[in-house]
Amino acid sequence: MSDLPLRAQLASVLGRSAASLSRATGRGDGSVIGGRVALKVEPDLLTKLAKGRRLALISATNGKTTTTRLIAQALREFGDVATNEYGANMPTGHITALSQNASAVNGVLEVDEKYLPQVLVATQPAFVVLMNLSRDQMDRASEINLLAKKWRTALGKTNTHVIANADDPLVAWAGLGAANATWVSAGQRWKEDSWCCPECGGHLKRDTDPYWECPECGLSRPETTWAVDNESDTLIAPDGQRLKLRLNLPGDANRANAAIAAATAAGYGIHPERTVERLREITSVAGRYTSLVTMGVEVRLLLSKNPAGWLESFAVLDPPRVPVILAVNAQIPDGKDTSWLWDVDYTVLRGRRVFVMGERRTDLALRLETDGVAFEVADRVDEVLGRLKAEDPDITKVDVIANYTAFQQIRTAYGRVQ
Amino acid sequence: MTDTSSTLRIVWIYPDLLSTYGDQGNVLILKRRAELRGIPTEVLQVTSSSPVPEHGDIYLLGGGEDRPQILAAERLRKDGGLARAVARGACVFAVCAGYQIIGESYGDDESNPLPGIGILDIRSGRGQTRAVGEIVADVDPALGVGRITGFENHQGRTAIGPSARPLSTTVRGIGNDDRTEGAYQGQVLGTYLHGPALPRNPELADLLLRWRVGALPAVAPSWGERLHEERLAAALR
Ligand SMILES: [Zn+2]
Chain A
1 MSDLPLRAQL ASVLGRSAAS LSRATGRGDG SVIGGRVALK VEPDLLTKLA KGRRLALISA
61 TNGKTTTTRL IAQALREFGD VATNEYGANM PTGHITALSQ NASAVNGVLE VDEKYLPQVL
121 VATQPAFVVL MNLSRDQMDR ASEINLLAKK WRTALGKTNT HVIANADDPL VAWAGLGAAN
181 ATWVSAGQRW KEDSWCCPEC GGHLKRDTDP YWECPECGLS RPETTWAVDN ESDTLIAPDG
241 QRLKLRLNLP GDANRANAAI AAATAAGYGI HPERTVERLR EITSVAGRYT SLVTMGVEVR
301 LLLSKNPAGW LESFAVLDPP RVPVILAVNA QIPDGKDTSW LWDVDYTVLR GRRVFVMGER
361 RTDLALRLET DGVAFEVADR VDEVLGRLKA EDPDITKVDV IANYTAFQQI RTAYGRVQ
Chain B
1 MTDTSSTLRI VWIYPDLLST YGDQGNVLIL KRRAELRGIP TEVLQVTSSS PVPEHGDIYL
61 LGGGEDRPQI LAAERLRKDG GLARAVARGA CVFAVCAGYQ IIGESYGDDE SNPLPGIGIL
121 DIRSGRGQTR AVGEIVADVD PALGVGRITG FENHQGRTAI GPSARPLSTT VRGIGNDDRT
181 EGAYQGQVLG TYLHGPALPR NPELADLLLR WRVGALPAVA PSWGERLHEE RLAAALR
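So the sequences go chain by chain: A and B.
With our numbering, the residue at position 228 of the first sequence is 228, and numbering never jumps.
With our numbering, the residue at position 159 of the second sequence is 159, and numbering never jumps.
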């Protein structure tokens, strides 16, 4: 990085020390504050820092952080990787990630959906990886149809190679804006945001999953070369090779993330067999899917921020005898509007022991009552464990599904488990 | 209720286009509060590629992004079923984008006026600012509903014509125009309280049921009433 202009180098160093300061003073993991200082000094820094690297930008509503981590893990095959693995996914976070690892040729950056067009222009990445788009924090996020349109337009102006989920119509339509694409059949459980054609608004024909087409304008699902088969836990590579995934992260959503990661790593020249081996090494991503053991009970933490995420989490719950705690807040990072709770179908929780927690637990309570799901109200995880243990001293497991700040509060209460 | 049937028919219009903020909640709460009174219900989901049936009791329209809103309005106008149902005396509850399109006209994403379904005497356009946040309003005393609370997230501003009346007076939030929120005309009611407006306001849900079936037996207060009180307190704090 010695060819960086002095001012950029200085900014980069400044950013780095601010990040260390932030970590040392316990104000956060340092990824945002570092970049914020750096940006003030050199606005073009992101472009300069990106130059000469092979970057992959990862964007989606759900699974960005995990997929970024998966791809970075695969690319470590070649040595150091510059990446924002703690989810600081705006330009300031990208600057921090790149300046912290100035010598890495390969980089994997998680990008906030709104910032993708801008970061795409600034970094000219080798790959843009797109997984899914669905309703999320609508009090402050952009409308997703508008977002897809901006992605599509931005991709049309670069020669970046897109790696995208063909099963999500909105994502596919955005990706079709790019000149080069690799299509992955990664599945789509949540379909409530894609009944209509992104091109003309017609009602999509979706008779046989994962195929979709618009009877009005003819837009249809692109041909895929990669696929994931959830039933058999298998990744199918372009040459037809079938690879058992056996991931240590749960659920179909993570199989989808892994398939996308393998397709991306293949773009960098890594054989999928090797990628899958490396992906199995990951057991937790920034505290997600972590289990902590407290009072002799294994408590598994699932972060889910929106209806599509909750649906995925319900699908990975342990068998019905395992109780589940649902925790919802409505602070700014969560979105102030809890309306989305009504988009989720909770009937799958009937017959399970359910607890509601968090600042908006009354919203959850009414929602569960309406779906005929019995529940109890609680303040804290250890209080729930106390109640459960009093009834059954042999209880071994509890699942927790929480949205963003509720999840962070629980993590903090247990010492920020990784 | 309609004709010979003793079943309350709830028709959810275009969940594929207008269902962005938990609009399903209104369907579920109407159904639940009817069933608590022993009234059998039937829910019909009508997607944008299907005709709107004319024999429903309560028609629900949800919120949506700009383009789905325009599509929904075009298709509903062409279909004509909703307007015919209203002419037969059906009840309509529409929120947000749905509220705007049942009016005489509404603005597209650049404020060009587009024709609505014309079952509520309102005209909507776009304001300078986006109204986002908790809203509190006092409902027209003639309706016997009291204070309502909800979440608004829209850029619309709505003027109410002589055939309709404001649903409520704004206490907090923007609503139609800073002063009033929502509108009604006969049994057609619209509001900017988006998504689960009825779960958050059990009395408003009961008003719609009363319009169709007459006086309702009281039900024991539960989580809906509690949520209503909690959100009012939080919004006015
Ligand atoms: Zn089409």
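A portion of the hints provided could be inaccurate.
[Unchecked claim] The calculated lysine-lysine pairs, modelled on DSS-like cross-linking and capped at a C-alpha distance of 25 Å, are: (1) A/191 - B/31; (2) A/191 - A/336; (3) A/157 - A/114; (4) A/205 - A/51; (5) A/149 - A/244; (6) A/205 - B/31.
Please keep in mind that the hints were generated in silico from the structure rather than gathered at the bench.
Just so we're clear, the structure is a prediction, and the values are computed from it rather than from any experiment.
Consistency of the hints with the structure:
1. A/191 - B/31: Judged against 25 Å, a Cα distance of about 24 Å means the pair holds.
2. A/191 - A/336: 24 Å, holds
3. A/157 - A/114: 17 Å, holds
4. A/205 - A/51: At roughly 43 Å apart (the allowed maximum being 25 Å), residue 51 of chain A and residue 205 of chain A break the hint.
5. A/149 - A/244: Violated, at about 36 Å.
6. A/205 - B/31: 29 Å, violated
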